[in-house]
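Visitor: Spelled out from the first residue to the last, the chains are:
Protein chains: 4
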Amino acid sequence: MSKARLEAFSDGVIAIIITIMVLELHAPEHATWTALLPLWPVFLSYVLSFIYLGIYWNNHHHLLQAIKHVDGRVLWANMHLLFWLSLIPFATAWMGQNRFDAQPVALYGVVLLFSAGAYFILTKALLALHGHDSVLAAALGKDFKGKISPAFYLVAIPLSFVVPWIACALYVLVAIMWLVPDRRIERTLFQ
Amino acid sequence: MSKARLEAFSDGVIAIIITIMVLELHAPEHATWTALLPLWPVFLSYVLSFIYLGIYWNNHHHLLQAIKHVDGRVLWANMHLLFWLSLIPFATAWMGQNRFDAQPVALYGVVLLFSAGAYFILTKALLALHGHDSVLAAALGKDFKGKISPAFYLVAIPLSFVVPWIACALYVLVAIMWLVPDRRIERTLFQ
Amino acid sequence: MSKARLEAFSDGVIAIIITIMVLELHAPEHATWTALLPLWPVFLSYVLSFIYLGIYWNNHHHLLQAIKHVDGRVLWANMHLLFWLSLIPFATAWMGQNRFDAQPVALYGVVLLFSAGAYFILTKALLALHGHDSVLAAALGKDFKGKISPAFYLVAIPLSFVVPWIACALYVLVAIMWLVPDRRIERTLFQ
Amino acid sequence: MSKARLEAFSDGVIAIIITIMVLELHAPEHATWTALLPLWPVFLSYVLSFIYLGIYWNNHHHLLQAIKHVDGRVLWANMHLLFWLSLIPFATAWMGQNRFDAQPVALYGVVLLFSAGAYFILTKALLALHGHDSVLAAALGKDFKGKISPAFYLVAIPLSFVVPWIACALYVLVAIMWLVPDRRIERTLFQ
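Protein chains in written order, with our numbering: chain S, 2 to 192; chain R, 2 to 192; chain E, 2 to 192; chain B, 2 to 192.
So that you can see chain S by itself, here it is in the shape it has in the complex (with noise of 0.2 Å):
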């Protein structure tokens, strides 16, 4: 089964997610810097939005240019995934409206754990397709950042009841380190 439509259908929800967010932030009734101001933790929910949806464009590009082929299981682990990624702008726009107060902030990282755990499955069911021996298993590695980000979200989760700036923190801090390039994959592939 080829990968091609897998690609073109994900690049085609990613896409869509990550612009319709944008819908959430609402043009100000008046044409004055005061009028906009109040719309900055919106914002700054898009942009991290933004760039945790870059990430995962990023990623399963990577992961996809190491494989070979697909089967149903694995389309429906992509599913999965899309299904997770596609509750984020409503996590954004509850964030960003009640100016990251502790339910908010704490669904956004319950959303961000199940994303994280439905990528993992995918990675698994790729495995499993295509055996430990393959160029993808020596790509991914140990894959340090993806175990070691969910066990962040796990101690932001709770955090965000209590303080729910160090939770949002623990959200950059994770986005920081996937931003930090990883050149595992590529080194691999193109050794």
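In case anyone wonders, no lab produced these hints; they're calculated from the structure.
Wrong hints could be hidden among the right ones.
Because identical chains share one entry, a pair is satisfied inside a single copy or across any pair of copies.
Unchecked claim - For lysine-lysine, the following DSBU-like pairs were computed, each having C-alpha atoms within a straight-line distance of at most 30 Å:
id: 1; residue 1: K69; residue 2: K148
id: 2; residue 1: K125; residue 2: K148
id: 3; residue 1: K4; residue 2: K143
Once you have looked at the hints, place chains R, E and B on chain S.
Guide: Quick look at chains R, E and B alone, frame taken from chain S:
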């Protein structure tokens, strides 16, 4: 005529349909679980429709993999399928916002029924083009699932007016039936 | 210059235009047929525009299949076509919400007229690039449908102010004319 | 690393950005020209942004045609460009709804300025990867337009607070400058 653009266009439309549904999940005004709770029927109907659209995309993917070319009739049969699928977000929103009330649940079934019919017509248009000895014909086989699904919808629609929850259970049942891997097409193609 | 990205971008834009129109079908607040009924003009105008956009996508698909390359002029002629098509959801919403009243029906015709004009300009830009002896020129032939459609719109627009329903009937007539298979391009290409 | 998915994803995002802008053109409640008339500033700002996004898509198309491969840095430089472009619908809506008032016109210029900066960074990331003797380097040449555009925005932004209409005229001027065919890249590539 090439099938690549038909796939790309269908992928685009299905990706957008699946993603705009999430716009019906309006972020509640207040930052409490109590404010979030009333969203559960909207969320549940979102999950159900997400799975249905995933099934359609998946089946469409398999169907087009078994074919070689398309003609004008296929293009329009495909457009007709996309039309009915495009009504799913509307039916989903109405059903979710009215907490699975009789009429919305019936309408949801009607949209599923016409989508299934449109898929059947698309299959026929492809068979007319590829012949009954083709890989496609062998791959489709008796198409048990495709034939039993409309029967379920036809039972569920009148039932909606009596016990809406049983109609919903039937929709879920059909979805589960499709999720259970059906290796018919894959097996025929790659043996 | 390759035509693949032009196709992909156009597919994307047309897929989104066709799908966001359905957002105008707002789920009614109450769960009754009575609440659903007033939506019929919005639904009818959605169906008409869906068919028109399907025709444009179909024709665009055929047109680009007959060509080999594109230049800057073609890119902008294509963008110009997408601009007019992007106004169809607006015209559709205005017409549907006002139950096919005079001015909205006239505006709908104006958007159809300019879309047809933009398509004609795109054809010319492609002919200028491929020459009058090309497959494209042979495939287009006398382009009877392309020439008669604007005439219908030009009659329908003023008629909207007298009897809007006849103008609508003319729009439907043009759509039907295009739906009737036209094997010109296919025949020339594949003989 | 292949550039195909980068193109597909960018096409998707730009196609969605360009199309969701039209959602700001809300169909007026009444079916009269008088009700339609107040939409003209929203319409004009839609036209301007449509052209700007068309220019970006066009340039992006040309830029990626001159390159052979991408790396992680290019992926993120591209994502950064898409981020600023994704703010165009917001700036467009604010400017249109406030009839080209001072602050919104200034913000529009800021978004254009950062988009131009992000495009410049993407160019640099691609040059770093392909070398200064590459087809890309030759094709870009002195990039006069790319260097003069930010200067125009930098003049227009403060001017917005004095005479907003002149700032708008400068934005239009930059757009026209880009629309005038620039055959540099095409010439270098295909000679």
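Visitor: Next step is simple, just say for each hint if it's right about the structure.
Guide: Hint-by-hint comparison with the structure:
1. Taking CA atoms no more than 30 Å apart as the test, K69 paired with K148 passes inside one copy only; the shortest distance there is 24 Å, against 34 Å between copies.
2. For a Cα distance limit of 30 Å, the shortest separation of K125 from K148 inside one copy, 13 Å, qualifies, whereas the shortest one across copies, 34 Å, does not.
3. Taking the shortest Cα distances, K4 and K143 sit within 30 Å of each other both inside one copy (25 Å) and across copies (27 Å).
Violation of the numbered hints given earlier is absent; every hint is satisfied by the structure.
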